[in-house]
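Student: Here is how the chains run, residue by residue.
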Amino acid sequence: MRLSGRGLKCVRGGREVFAGLSFEAAAGGVLAVTGANGSGKTSLLRLIAGLLIPAEGEVALEGGEAELTLAEQAHYLGHRDALKPALSVMENLSFWQDFLGGEAFDAGDSLEAVGLDHAAQLPAAYLSAGQRRRLSLARLLTVRRPIWLLDEPTAALDAAGQALFASLMRGHLARGGLIVAATHGPLGIEARELKMGGMS
Amino acid sequence: MTALGALIQRDIRIALRVGGGALIGVLFFLSVVALMPFAVGPDLKLLARLGPAILWLGALLASLLTLDRLFMADHEDGSLDLIVMSRNSLELACGAKALAHWIAAGLPLIVATPVLGLLLNLDTPSTAAVALTLLAGTPALTFTGMIGAALAVTLHRGGLLLAVLVLPLSIPVLIFGVAASKAAITGPQTFGAPFAILCALSLFSFVVGPFAAAASLRQGLD
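Chains as they are written, first to last, in numbering that gives the first Met the number 0: chain A, 0 to 199; chain B, 0 to 221.
Quick caveat, the hints were computed from the structure, so don't treat them as lab data. You may find that some hints are simply not true.
Label pairs and their computed distance ranges (CB to CB) [what the hints assert, rightly or not]:
1) Q218/B x G101/A: 22 to 32 Å
2) L64/B x H78/A: 26 to 36 Å
3) T189/B x E66/A: 44 to 54 Å
4) A128/A x L15/B: 25 to 35 Å
5) L15/B x H117/A: 21 to 31 Å
6) G101/A x A33/B: 42 to 52 Å
7) R11/A x T189/B: 27 to 37 Å
8) A119/A x D221/B: 18 to 28 Å
9) G12/A x L166/B: 46 to 56 Å
10) A119/A x F37/B: 22 to 32 Å
11) A119/A x D122/B: 44 to 54 Å
12) R143/A x F205/B: 44 to 54 Å
13) T68/A x A33/B: 49 to 59 Å
14) G12/A x V207/B: 50 to 60 Å
Rough simulated footprint, nothing fancy, chain B against chain A, three-plus residues with beta-carbon under 8 Å [said to hold, decoys possible]:
15) 85-92
16) 98-104
Glycine included, C-beta positions come from ideal geometry on N, C-alpha and C.
With the rest of the complex left out, here is chain A (with noise of 0.2 Å):
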């Protein structure tokens, strides 16, 4: 599986975000794209996931199911979490499992795995920052999506969590997956580096 990118150009709100960028991941690797605020890093996720569309240039995937889009394929974990306040951590949680559907793994085990199960009936509007981002992820695990679009996953996460990150990333590498992460920080693994805001 590849996912490549030849001479996208992305424009919001009448200004150029960046042009001219291309990009190559496959099976197994990580880009990293990093650079300044405000160079793009978001944009371009929403450009692959299919939630911005390119003024020019196009996004691939190669190897992919065939009969399923780049974004049903894809997971994206953006600044916002996606998470209903009003609704327990467990139910957040397996509204998207019904939803999303495809293969799943049972929820339980996933909170468990980003150390929330205690948490489980608790409503979200609780939640710190960390364990909110601790939720998303454990949204990544209960569904099973071949690429990982993550926007900042290590933001608000403490030690513990991003070496848990880290460990759920090599899980997911191993079963040969693909993750787009825009990072200012270490993601600690290791991961090829896109950066943007050069190319001008």
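Following the hints, put chain B in place on chain A, whose structure we already have.
Tutor: Showing chain B alone in chain A's frame:
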């Protein structure tokens, strides 16, 4: 559980919990209709004649009240991104969300109608007729209102814009809803014709609403 069933269940749960909007609509409906006899005065005949129109206006405004949150809440917390990316068709997901909104916010209005019929001096058959027209007509309000709710997300404007966009679309529903209720109560027209048109408006909105809302959401991806 199927994906759409899960979406409907989640939205109903959120609406019924603390901070959800389900009860706000009914309370608004109750207060508007309960105030009307005080404003109109103690003329029982006049009240009975105005009754269906008041109930329909109350239901229309009450169903608009919480509609702007239909997609906005999901947009703000990022859920909408995942819904767009999922393997389910966006049209069906929009339909499921509208259905959940109607069950949580529209159905209670119909349940409250018999109580309010008493305040407006409507007899039992008349109240039943109004409740029946509301049952047939309020889905059309929700499903056409959904188009406005989707546009509000696309244009990054909520609240008043929705009312301005949606109210003109709901005028036919109001006309035929009140016409059917009046026909049942005072005659001389038949109940069947306006009621059939009301049902047709609902069926029409089931088809057009989800497609228009999904197209608007796709257009507004950002």
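Student: Does each hint hold? Answer for all of them.
Tutor: Cross-check of the supplied hints:
no. : hint                        : verdict
1   : Q218/B x G101/A: 22 to 32 Å : 27 Å, holds
2   : L64/B x H78/A: 26 to 36 Å   : 30 Å, holds
3   : T189/B x E66/A: 44 to 54 Å  : 52 Å, holds
4   : A128/A x L15/B: 25 to 35 Å  : 27 Å, holds
5   : L15/B x H117/A: 21 to 31 Å  : 26 Å, holds
6   : G101/A x A33/B: 42 to 52 Å  : 50 Å, holds
7   : R11/A x T189/B: 27 to 37 Å  : 57 Å, violated
8   : A119/A x D221/B: 18 to 28 Å : 34 Å, violated
9   : G12/A x L166/B: 46 to 56 Å  : 31 Å, violated
10  : A119/A x F37/B: 22 to 32 Å  : 50 Å, violated
11  : A119/A x D122/B: 44 to 54 Å : 53 Å, holds
12  : R143/A x F205/B: 44 to 54 Å : 34 Å, violated
13  : T68/A x A33/B: 49 to 59 Å   : 52 Å, holds
14  : G12/A x V207/B: 50 to 60 Å  : 31 Å, violated
15  : 85-92                       : holds (count 3)
16  : 98-104                      : holds (count 4)
The structure does not agree with the numbered hints 7, 8, 9, 10, 12, 14 stated previously, though it agrees with the rest.
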